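Visitor: Given next are the chains, with one letter for each unit.
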Amino acid sequence: MSSPCRRLERLAAAALAAALLAGCQRETRDFHGPPPPSGPQASGVSPSDLAAGGGPIGPPHDPRAAIYEDNAFHIGEGKRYYDWYNCYGCHAAGGGDIGPPLMDDQWIYGGSIEQIHASIVEGRPNGMPSFRNKIPDDQVWEIAAYIRSMGGNVAKDAAPSRGDELQSSLAKTQVKPTPAKPAAPTDQPR
Amino acid sequence: MRRAAAWLAMGMAGLALAACSGAQDSLNPAGDQAAHTQDVWRLMLIVCGAMYVLVMAFLGWALWRARRALDGPPLEDAVKSSADAPMRNALVGWTALIILGLGVLAVGSFLVDRSLARADTKDALHIKITGNQWWWQVEYQDPDPSRQFTTANELHLPANRPAILELAAQDVIHSFWIPNLAGKEDLIPGRTNWLTLNPRRIGVYRGQCAEFCGLQHAQMALDATVEDPQAFEAWRQAQLKPAPPPSNDAQVRGQGVFINGACGSCHEIAGSDAHGRTGPDLTHLASRRKLAAGALPVGRDGLIAWLHDPQAIKPGNHMPLVHMSDQDLNDLVAYLQSLS
Ligand SMILES: [Cu+2]
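Those protein sequence lines, which keep their order, are chains A and B.
One gets this note's numbering by counting positions in the first sequence from 1 and adding 2 to each.
One gets this note's numbering by counting positions in the second sequence from 1 and adding 108 to each.
Just so you know, not all the hints are guaranteed correct.
[Stated by the list, open to error] Away from chain A, derived, C-beta distances all over 12 Å, residues of chain B: (1) I154; (2) A158; (3) Q245; (4) Q338; (5) G379.
[To be verified] Cβ pair distances, simulated, as ranges: (6) B/V312 - A/H34: 32 to 40 Å; (7) A/E29 - B/H416: 21 to 29 Å; (8) B/D250 - A/R134: 35 to 43 Å.
Treat the hints as calculated values from the structure; they're not laboratory data.
Small disclaimer: the values here were computed from a predicted structure and weren't measured.
Glycine included, every Cβ here is placed at the ideal spot set by N, Cα and C.
Using the sequences and the hints given, assemble the complete structure.
Guide: Pasting the structure below:
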């Protein structure tokens with residue numbers, strides 16, 4: 003074995019390890035969310051500060067945004083909570099219903115994660131209820147990050163897969179099974 | 109060295125005894141299904157045990173013979189002179205014994221399977237169980253909607269009355285297993301499985317998810333109480349009622365915290381304005397024995413520990429930490445404790 007070859011091998015191993023470690027960031031699981039900021043808070047903005055039609059006015063940049071936006075775990079949780087807190091009821095899977103679509107790039111109140119966070123916490127005058135105190139703040143961020151991911155605005159490797167509702171045909175497991183007869187159970191413990 | 113061995117033996121004995129409390133034990137059957145399973149287990153133990161003893165005896169004998177052969181005449185002679193015919197006979201006998209043993213096991217398991225399939229289902233109770241990461245939703249079904257109710261992480265069954273369980277899963281595959289009552293049955297998203305129980309012996313048994321389902325799989329237990337039919341009926345009547353209204357100031361404030369805060373978006377308390385469907389139904393929380401699928405005892409300490417930080421008790425579970433003042437926490441716990 004010549005030594006340059008060894009070197010190359012070592013370098014390759016180091017590079018691989020570095021790449022793997024970098025990958026760890028996208029999956030970091032912080033179950034408590036980051037500590038609340040000491041500076042200005044996104045939720046401190048009232049709806050009247052925001053002109054319909056978006057525009058440059060909006061909540062200031064929030065340092066927590068990055069933590070949620072690039073993290074597969076938080077975005078995945080956001081997807082779950084989008085359903086659990088019934089955003090579906092008005093926005094469907096992002097395509098819009100009573101509420102406006104969230105997956106396109108047209109925003110009434112702005113499409114930065116801070117602005118989406120504010121829309122959820124504050125509510126919006128034409129029919130969007132305020133979720134202040136109804137959803138813990140970590141989860142609002144997670145939902146906002148998920149909404150960002152709908153339009154392809156987060157790192158691809160962190161975005162969750164499309165929901166089943168957006169597939170053209172139902173997944174095999176979602177097809178309604180033929181009901182088994184409860185009177186004569188067929189599957190028995192083994 | 110001796111010391112270490114003694115400690116090891118004591119440790120093993122301790123472990124073995126720990127399994128003997130009997131509340132989660134397939135060798136302590138409290139229902140027909142588990143009894144049948146125990147029958148096959150016993151049969152298998154006897155057949156395999158006998159074969160094992162035989163093999164070991166032959167091995168010992170062969171070793172003993174080999175030692176003696178060293179002192180005797182050279183090997184070729186030994187083979188020629190003594191072994192041939194008896195050895196052939198022994199091998200034929202051995203093969204026959206194996207076939208017989210496997211035959212007994214096959215017939216035994218067939219008969220048990222048949223009796224399991226013929227379980228008595230007359231006048232059965234119908235209960236739907238849904239596996240969630242990481243808790244069990246339990247819905248008592250009835251043709252009359254006013255006699256249906258929902259609870260979580262606990263199962264009450266009247267002794268000597270069959271129960272048909274409809275098993276579903278919300279998110280990933282789980283497996284339902286109360287060893288004292290029956291074998292395992294998987295809960296699979298998008299599919300319904302059925303399990304019949306014929307509970308016989310009164311007692312409190314412990315069930316546990318038996319299919320790895322994520323971070324908190326180990327803390328996904330449920331209580332199964334088999335009780336006499338009157339006690340069951342009393343329990344059912346109590347469960348059918350809505351939650352009692354708050355009866356003092358602290359409880360009233362606690363209910364306010366529950367409904368105006370995040371709690372009500374995920375939890376239902378029948379008779380209040382909380383109608384969330386994604387977390388466990390809390391209508392009669394205080395009547396349960398355990399909190400959060402067996403993680404904590406129900407009671408003031410357990411509730412405070414859970415609400416103070418659910419992510420410390422079951423890291424990664426789907427109930428978020430909701431920040432609140434100590435006053436709110438106390439009021440909330442007072443309210444939850446009143447939900448008997
Ligand atoms: Cu599990």
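Visitor: Over 12 Å from every CB of chain A: does B/Q245 meet that, or does the non-interface label fail?
Guide: holds, 14 Å
Visitor: Against chain A, does B/Q338 keep a CB gap of more than 12 Å to every residue?
Guide: Non-interface label on B/Q338 holds, nearest chain A Cβ at 26 Å vs cutoff 12 Å.
Visitor: Does the hinted range 32 to 40 Å hold for B/V312 and A/H34 at CB?
Guide: Holds, at about 34 Å.
Visitor: Between A/E29 and B/H416, does the C-beta distance stay in 21 to 29 Å?
Guide: holds, 27 Å
Visitor: Between the beta carbons of B/D250 and A/R134, is the distance compatible with 35 to 43 Å?
Guide: Given about 40 Å between the Cβ atoms, the range holds.
Visitor: Hey, does B/A158 actually stay past 12 Å from chain A on C-beta?
Guide: holds, 24 Å
Visitor: When you look at the beta carbon of B/I154, is every beta carbon of chain A farther off than 12 Å?
Guide: Check passes; 20 Å lies beyond 12 Å.
Visitor: Take a quick look at B/G379 and tell me if its Cβ sits farther than 12 Å from every Cβ on chain A, holds or violated.
Guide: Consistent with the label, B/G379 stays out of reach of chain A, its closest Cβ about 21 Å off (over 12 Å).
Violated hints for the displayed structure: none, as all numbered hints are satisfied.
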